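Trainee: Whole structure, please, built from the sequences with the hints as guidance.
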Amino acid sequence: MEQLTIEQGNKTPYINFSENGTLELKGKSIPENSIEFYRPVYAWLDEYALNPKNKTSVLVQLEYFNTSSSKCLLDIFRKLEPLQKNSKSEVTITWLYEEEDEDMMEAGEDYQTIVKLPFVIQKISQ
Amino acid sequence: MPDIYKLYKDLERDEIILSFKGDITQDLLSSVFNIMETRLENGAQKPQLKKKFYHILIECLQNLYHHNEMMSEEESEALNEEAGSAIFLIGRGENNSFRIITGNFILNSSSEDLKTKIDKVNGMNAEELRAYYLDKLNTTQLTEKGGAGLGVIDIARKSGHKIDYHFNKVSDKFSFFSLAVTVK
Chain A
1273 MEQLTIEQGN
1283 KTPYINFSEN
1293 GTLELKGKSI
1303 PENSIEFYRP
1313 VYAWLDEYAL
1323 NPKNKTSVLV
1333 QLEYFNTSSS
1343 KCLLDIFRKL
1353 EPLQKNSKSE
1363 VTITWLYEEE
1373 DEDMMEAGED
1383 YQTIVKLPFV
1393 IQKISQ
Chain B
5 MPDIYKLYKD
15 LERDEIILSF
25 KGDITQDLLS
35 SVFNIMETRL
45 ENGAQKPQLK
55 KKFYHILIEC
65 LQNLYHHNEM
75 MSEEESEALN
85 EEAGSAIFLI
95 GRGENNSFRI
105 ITGNFILNSS
115 SEDLKTKIDK
125 VNGMNAEELR
135 AYYLDKLNTT
145 QLTEKGGAGL
155 GVIDIARKSG
165 HKIDYHFNKV
175 SDKFSFFSLA
185 VTVK
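Residue numbers (this note's numbering), protein chains in the order written: chain A, 1273 to 1398; chain B, 5 to 188.
If you're looking for bench data, these hints aren't it; they were derived computationally from the structure.
Careful, some of the hints might be misleading.
Stated by the list, open to error - To spell it out: a stretch of chain B is covered by chain A in this simulated footprint if at least three of its residues, at any positions, have a beta carbon under 8 Å from a beta carbon of chain A; those stretches are:
| # | region |
| --- | --- |
| 1 | 32-45 |
| 2 | 53-63 |
What the hints assert, rightly or not - Derived BS3-like pairs (lysine-lysine); straight-line CA-CA distance at most 30 Å:
| # | chain 1 | residue 1 | chain 2 | residue 2 |
| --- | --- | --- | --- | --- |
| 3 | A | LYS1395 | A | LYS1327 |
| 4 | B | LYS166 | B | LYS188 |
| 5 | B | LYS162 | A | LYS1395 |
| 6 | A | LYS1388 | B | LYS162 |
| 7 | A | LYS1388 | B | LYS140 |
To be verified - Ranges of calculated distance between the beta carbons of each label pair, as one might list FRET restraints:
| # | chain 1 | residue 1 | chain 2 | residue 2 | range |
| --- | --- | --- | --- | --- | --- |
| 8 | A | PRO1312 | B | GLN145 | 18 to 24 Å |
| 9 | A | GLN1275 | B | THR29 | 30 to 36 Å |
| 10 | B | ASP27 | A | ARG1311 | 22 to 28 Å |
| 11 | B | SER114 | A | LYS1298 | 36 to 42 Å |
| 12 | B | ASP123 | A | LYS1298 | 34 to 40 Å |
From a predicted model like this one, the values you see are computed outputs, not experimental measurements.
In this text, a Cβ means the ideal position worked out from N, Cα and C, and glycines have one as well.
Mentor: Structure representation (structure tokens):
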């Protein structure tokens, strides 16, 4: 399986999903049509889920995301839940937010509430 | 000749930073977001307020982009032919606040649903809005073009203020819907 790297766009985030189990998502996610953008990400996760590493570390460091992307982020987490549930991989979501960005901290807590995966919500140290 | 000087003075008086009337496309929104981001970098407001405003601006303008997705093709065509495009104004308000105003045509048949939706979120406190948002996030399906139907809830939640709105009935079929949000 190959690494998935998507460079940051005007409205889309930097994605770097490695077959070693480190999944990074950084920047802005504000495309009008988020499904189109996230389709290859879903496909990669589906393949990864067939043969995951013992540990899967997801790093989310977003500056902005729109409601269209909020649904796609949830779908990403949903694809990882069964790995944790079936003890195929130990999944951790690290949710980073900039100092004083309470809205982004709360957004992390929102997902923590509805997603059955361990979350680490952390301020970015300067 | 239309009185452009009057239009200019009105925009100046209302402290409008940017205004647009026409079709809302992805390219247009990219440009507007870029312009506003640069403007905000140079603005005197607190970083937190700038961020909140930018977030709400994205939702408000993408709402305009997505608004006709729930219509049938026929309804959507009729809307484009008979009614027309959209308008938005981005301005400064009192005490360093921002104001976002949008206007677009909607079917009379959907205006009641929209009104009910906004009244519902306007009547909720922060905790209730969070619960409602999470419930919808969990259950909603994206439209083909990526609309989540969460915009109004998100706008109310992030702004912390009631959403102002108005409907002008323009024909048997259409109303002009205006929405105003204050961010402070």
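Trainee: For a C-alpha distance cap of 30 Å, please report whether LYS166(B) and LYS188(B) respect it.
Mentor: 12 Å, holds
Trainee: When you take the CB atoms of ASP123(B) and LYS1298(A), is the distance between them in 34 to 40 Å?
Mentor: 38 Å, holds
Trainee: Does the alpha-carbon distance linking LYS1395(A) and LYS1327(A) stay inside the 30 Å limit?
Mentor: 23 Å, holds
Trainee: Within a Cα-Cα threshold of 30 Å, do LYS1388(A) and LYS140(B) meet the stated pairing?
Mentor: 17 Å, holds
Trainee: Does the hinted range 22 to 28 Å hold for ASP27(B) and ARG1311(A) at CB?
Mentor: 26 Å, holds
Trainee: Between PRO1312(A) and GLN145(B), is the Cβ distance one that fits in 18 to 24 Å?
Mentor: 20 Å, holds
Trainee: Tell me if chain A covers the region 32-45 of chain B under the three-residue, 8 Å CB rule, please?
Mentor: It holds: at least three residues are needed, and the region 32-45 of chain B offers 4 whose Cβ sits within less than 8 Å of chain A.
Trainee: Is the straight-line distance between the alpha-carbon of LYS162(B) and that of LYS1395(A) 30 Å or less?
Mentor: It holds: about 20 Å lies between the C-alpha atoms, which stays within 30 Å.
Trainee: Within the region 53-63 of chain B, is the number of residues with a Cβ closer than 8 Å to a Cβ of chain A three or more?
Mentor: It holds, with 6 qualifying residues against the three required.
Trainee: Mind checking the hinted window 30 to 36 Å against the Cβ distance between GLN1275(A) and THR29(B)?
Mentor: At 34 Å between Cβs, range holds.
Trainee: I want to verify a distance hint. Is the separation of the beta carbons of SER114(B) and LYS1298(A) within 36 to 42 Å?
Mentor: Once the Cβ atoms are compared, 38 Å apart, the range 36 to 42 Å for LYS1298(A) and SER114(B) holds.
Trainee: Please work out if LYS1388(A) and LYS162(B) have their alpha carbons no farther apart than 30 Å.
Mentor: Cα-Cα ~25 Å, so holds.
The structure is consistent with each of the numbered hints, conforming to all of them.
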